[in-house]
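Modelling step: build the complete structure from the supplied sequences, incorporating the hints.
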Amino acid sequence: MTSVSTKLDRAFVHLEKAIESGRIPGGVLGVIDRDGNRAVRTMGEAQTVPKSRPMTEDTWFDLASLTKVLFTTERILVLAEAGRIDLDAPLTSVIPDYRHYNLDNWERKITFRQCLGHQTPYPAVFPLYTYGRDPDLLRTFLLQHEFPAGPAVYSDINFILLGIALERIEDKWIREMEPGAGFAWSAGPETAAATEDCYWRHRVLVGEVHDDNCSALEGAGHAGLFGTVASVLDFAHGKLTTAGPDALIRTPLSGRRTHGWERPYEGWSGGERNSGQTIGHTGFTGTGLWIDFERGHAWTLLTNRVHPTRHFDSGILPLRRAVGDAINAE
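Per UniProt numbering, numbering through the sequence shown is continuous, rising by one, with the last residue being 330.
If you are wondering where the hints come from, they were derived from the structure by calculation, not from laboratory data. Even glycine gets a Cβ: it sits at the ideal position worked out from N, Cα and C. Any given hint could be a false lead.
[Stated by the list, open to error] Computed cross-link-like contacts, EDC-like style, restricted to lysine to aspartate or glutamate with a CA-CA straight-line distance of at most 16 Å: (1) LYS109 - ASP88; (2) LYS172 - GLU190; (3) LYS17 - ASP313.
[What the hints assert, rightly or not] Restraint-style ranges between C-beta atoms, simulated for each label pair: (4) THR241 - SER3: 17 to 23 Å; (5) ARG84 - ASP136: 23 to 29 Å; (6) VAL125 - TYR265: 34 to 40 Å; (7) SER5 - ASP136: 48 to 54 Å; (8) ASP58 - PRO151: 41 to 47 Å; (9) THR2 - THR130: 32 to 38 Å; (10) SER5 - ARG108: 51 to 57 Å; (11) PRO135 - THR242: 32 to 38 Å; (12) TRP200 - GLY267: 14 to 20 Å; (13) THR2 - ARG84: 25 to 31 Å; (14) GLY36 - GLY180: 38 to 44 Å; (15) ARG201 - GLY255: 36 to 42 Å; (16) PRO127 - LEU317: 34 to 40 Å.
If you want it as structure tokens, here you go:
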């Protein structure tokens, strides 16, 4: 069996090339197997603007949409296992005021399971943050906003709504909830990888959430979690060694998705060489985690590819695919 160090060596050359070419400031690559063996390597800068700081193994990353699987999916599935929610019940079973001025609309029929699998008619993108900065009012606005029904696409709205459901059940804001072992809702500016020089917040974001809607909502179910390579690998190791309700994260809901996670399809971020028993997810800031249950290993690629701007071709998709293929080259 190929060691995790060998897998890391094969894959790291692709991250090295991306950094040396100036497409990505810095990154951390980590690999772990079912026995707990792990290998980690870093390169580049955690921040370049307005000052320079090196990337380290202890650097905290804005995990962006990895929040969907590391936090929100986990909480929803635990609640379902405990019988506190029914995955096939509509969101209105927990959020009764959702679109309550029109009891026959399609939104009131959307279920938890449909949101987990992105099998809903919500739009792919909605700039909620442009409607104000009052988090209570923005939640209320979202719950009463009439969206035109479109094709089922990956949409943050699914997980913003799941986050609101968690807040109703727990009677507290998401940012008041325990984020999970090794994770946090923010990070210190001297220990975090910088993200974007934000046009509307007028500063380089370091240790505060990059996602616009999550920032305006002051915490949400689709983004906002921070972690290190160690915390992400620890999470993955737990999945590789634990049975039980985690079976749902491996249960297909469509050709591309399970409950919360992605599964292999042509052109997906994990590359072409992983087994059919692989799940993964990515984050807009340049993060990603993939778990191959058949091979018994997982890998995470954490970068600050949006620093200092998202409006640049960082080559993150081919990088992710090349890393995955190199790790699974055996």
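So, going through the hints one by one against the coordinates:
For a cut-off of 16 Å, the pair hint linking LYS109 to ASP88 stands: about 10 Å separates their Cα positions. The hinted pair formed by LYS172 and GLU190 fails the criterion: a straight-line CA distance of about 29 Å is larger than 16 Å. For the hint linking LYS17 to ASP313, the alpha-carbon distance of about 15 Å falls within 16 Å, and the restraint holds. Against the hinted window of 17 to 23 Å, the Cβ-Cβ separation of THR241 and SER3 comes to about 19 Å, which satisfies the hint.
Between ARG84 and ASP136 the beta carbon distance is about 24 Å. The supplied range of 23 to 29 Å therefore holds. The hinted window of 34 to 40 Å between VAL125 and TYR265 is violated, with their beta carbons roughly 21 Å apart. Range check, SER5 to ASP136: about 50 Å between beta-carbon atoms, so the 48 to 54 Å window is met. Under the hint 41 to 47 Å, the C-beta atoms of ASP58 and PRO151, about 43 Å apart, fit the expected range.
Our hint of 32 to 38 Å for THR2 and THR130 is violated, since their Cβ atoms are close to 49 Å apart. At about 53 Å, the CB distance of SER5 to ARG108 agrees with the hint of 51 to 57 Å. Hint check: PRO135 to THR242, Cβ distance near 34 Å, so the stated range 32 to 38 Å holds. Restraint check, TRP200 to GLY267: a C-beta distance of roughly 33 Å breaks the suggested window 14 to 20 Å.
Distance hint check for THR2 and ARG84: the Cβ-Cβ separation is about 42 Å, which falls outside the suggested range of 25 to 31 Å. The beta-carbon spacing between GLY36 and GLY180, approximately 19 Å, falls outside the hinted interval of 38 to 44 Å. For the pair ARG201 and GLY255, the supplied restraint of 36 to 42 Å holds, since their beta-carbon distance comes to about 38 Å. Distance hint check for PRO127 and LEU317: the Cβ-Cβ separation is about 23 Å, which falls outside the suggested range of 34 to 40 Å.
In summary, the structure is inconsistent with hints 2, 6, 9, 12, 13, 14, 16 from the numbered list given earlier, while agreeing with the others.
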